[in-house]
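Q: From first to last, the protein sequence lines are chains X and Y.
Going by this note's numbering, 255 is the number at position 255 of the first sequence; the sequence numbering is gapless.
Going by this note's numbering, 83 is the number at position 83 of the second sequence; the sequence numbering is gapless.
Worth flagging that the hints you see were computed from the coordinates, not collected in a lab.
C-beta atoms are modelled at their ideal positions from N, C-alpha and C, and glycine is treated no differently.
Careful: at least some of the hints might be erroneous.
With the Cβ distance kept under 10 Å, some of the chain X side facing chain Y (calculated, not the full set) [as the list claims (entries may be wrong)]:
| no. | residue |
| --- | --- |
| 1 | D50 |
| 2 | F55 |
| 3 | E59 |
| 4 | N61 |
| 5 | V63 |
| 6 | N87 |
| 7 | E91 |
| 8 | S100 |
A few chain X residues that don't get close to chain Y, going by computed Cβ distances all over 12 Å [stated by the list, open to error]:
| no. | residue |
| --- | --- |
| 9 | K8 |
| 10 | N46 |
| 11 | R51 |
| 12 | N54 |
| 13 | S64 |
| 14 | G99 |
| 15 | V104 |
| 16 | T121 |
| 17 | F181 |
| 18 | K217 |
| 19 | A301 |
| 20 | I305 |
| 21 | D314 |
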Amino acid sequence: MREWKLGKPTREAYGETLLEIGEENKDVVVLDADLSKSTYTFLFGNKFPDRFFNFGIAEANMVSAAAGLATSGKIPFCSSFACFMINKAYEQIKIGIAGSKLNVKFVASHAGICVGEDGFTQQSVEDIALMSTFPNFVIVAPADEFATRWAVKECIKHNGPVYIRTQRPKAPIIYNENTEFVWGKTKTLEDGEDVTIISYGMTLHIALDAHDELLKKGIKAKVIDFYTIKPLDEETLLKAARETKGIVVIEEHLLNGGLGSMIARFLAEKKPCKVRFIGLNDTYGESGTPKELFEKFGLTAQNIIKKVEEIIKDD
Amino acid sequence: MQKTCIKDLEKLKSIAKEVRKDIIRMTGNAGSGHPGGSLSCVEILITLFFKIMRHDPKNPKWEDRDRFILSKGHAAPALYAVLAQSGYIDKKELLTLRKIGSRLQGHPDKRFLDILEVSTGSLGQGLSVGVGIALAGKIDKKDYRVYVLIGDGESQEGQIWEAAMFSSFHKLDNLCAIMDYNKFQLDGKISEILDIEPVIKKWESFGWKVFEVDGHSFEELIEAFNEAKNIKGKPQIIIAHTIKGKGVSFMEGNNHFHGRAPNKEEEKRALEEIGEDL
């Protein structure tokens, strides 16, 4: 196993990067709904109080107001916990932003079960399913602080709605400040011809652990960071489907509507192959440490290896 | 306050007749739509577009324009008819309402009609959009004003009160709401379904300056809007008492026409009743 050095939480990297882009671009405004100390938008609020609005515990008003700010040429960044901002203001996002073609950036924190002890009401395991229903939204799920900094800086160059998924705990460092990412694409971290493992966010390092274990068994796995979830990186998927015996998708999300289901839909039509899914199967998270919860819900290297072996055995 | 001269009033009334006839023709031709709540807000819209708002149909994206949001999006026919009267869209286009490919979607849709600020039609959201535009105006130190027309039934939505609380806390005096108080919602009388009274006390307690007018009186509307412009430090709301289906005897106060278009015979009768231009 690799030694993972823990970096900053992706939510904190977001807050820090907001300061940079806020300095460079005076149209950036930041909106929060009483969670600025958790989403780290308070950093922006302290530095640019005239462009920071705390809406209080009123997510619907915040999201519709973001639409209003966007019509006036501002670039609003809306933040809260994923479960509150997206679920409570789902229709406000649909009508005000998606259905009005406006340039609003949603950056939510506390996605996934790695929220931990706070329990299921604070954990969003449906955010990607919900956000992927909005036409033209780009969805980015960075795995560490470096990927997050890139995504937050890059999203401003994209004239259109974006959802960036950030998470609560300190994130294992996978990248560095020189890593190159491409907007709308994914990143192949390990190349292999036997199987493909796809992940994003806080489960990506688990996929890399599984890769290392598999290598000891003589199985070469391709590992892809699907940091862009939407639009789907079809080219990379087709390549993986052609070059390897099958694909395992591991994600901190419900299986219904998660990345795995999007991949399966695409491949079923374009290049049918064996796909196995690891995620939350028709259930919600609960209280516990992130590690305990990952084990309880099967988000482990051992589970990936099991699925990989299934694919190879069936071949 | 300068009184509106008689000639002006006659002109506004004449435009109102045209707009009412357009609403009847548009919904009649479409075979669906919401004539009741469109007819109730005709004077409100005309007052805004012809007497109050700073805007330029030749330059619809003018940065300093006053903004208008039809939060009660089902009154789209009234908005489209007034946009046509103002010169934003061709009058001939009105009869494309609700047809495939039309810019005039059943509810206002910015994807098709870009002169709109946002799409509307799900109640409760427009006032918050107005909040965002008003905030942008404050940040940019612009003097434009933001007008949002909400429905009375729409005030049952919690988001309206989120926006109400926020606006007064942030002293958004560049924001002016108008409530088309026609006393009905889809299922019946507001007073019987979920009463919004005492509505004036509610808005006042949320920190808004409240005006109460006859929503079919141009004089009262103009006076209230002009007074609202001078209010400092507070958002304003004009509670406009109106009659649902106003202008057509068999539609007035008849909630049957909330979400049903007139048939051919009803259309003919309605047009005759509204009559020729003054």
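Q: Minimum C-beta separation from X:S64 to chain Y exceeding 12 Å: can you confirm that?
A: violated (3 Å)
Q: Taking the minimum C-beta separation from X:F181 to chain Y, is that value above 12 Å?
A: It holds; X:F181 is separated from chain Y by about 30 Å at its closest Cβ, greater than 12 Å.
Q: Beyond 12 Å from every chain Y Cβ: check whether that's true for X:R51.
A: violated (7 Å)
Q: Taking the closest pair, is the beta carbon of X:N46 still more than 12 Å from chain Y?
A: For X:N46, whose nearest Cβ neighbour in chain Y is about 17 Å away, the distance exceeds 12 Å, so it holds.
Q: Please settle this one: X:I305 was flagged as non-interface, so is its CB more than 12 Å from every CB on chain Y?
A: holds (47 Å)
Q: Taking the minimum C-beta separation from X:K217 to chain Y, is that value above 12 Å?
A: holds (53 Å)
Q: In terms of Cβ atoms, is chain Y entirely out of 12 Å range of X:K8?
A: Given that every Cβ of chain Y is farther than 12 Å from that of X:K8, nearest at about 30 Å, it holds.
Q: Is the Cβ of X:V104 more than 12 Å away from each Cβ in chain Y?
A: violated (10 Å)
Q: Interface hint check: X:V63, Cβ to nearest Cβ on chain Y, cutoff 10 Å. Holds or violated?
A: Status holds, d = 8 Å.
Q: For X:A301, is the shortest CB-to-CB distance to chain Y above 12 Å, so the non-interface label stands?
A: Since the minimum Cβ distance to chain Y is about 45 Å, X:A301 lies beyond 12 Å and the statement holds.
Q: Less than 10 Å between beta-carbons is the criterion; does X:E59 satisfy it with respect to chain Y?
A: holds (9 Å)
Q: Go through the hint on X:F55 and say holds or violated, using the shortest Cβ distance to chain Y against 10 Å.
A: Where the cut-off is 10 Å and the nearest Cβ of chain Y is about 6 Å from X:F55, the hint holds.
The structure is inconsistent with the numbered hints 6, 11, 12, 13, 14 and 15, although it conforms to all the rest.
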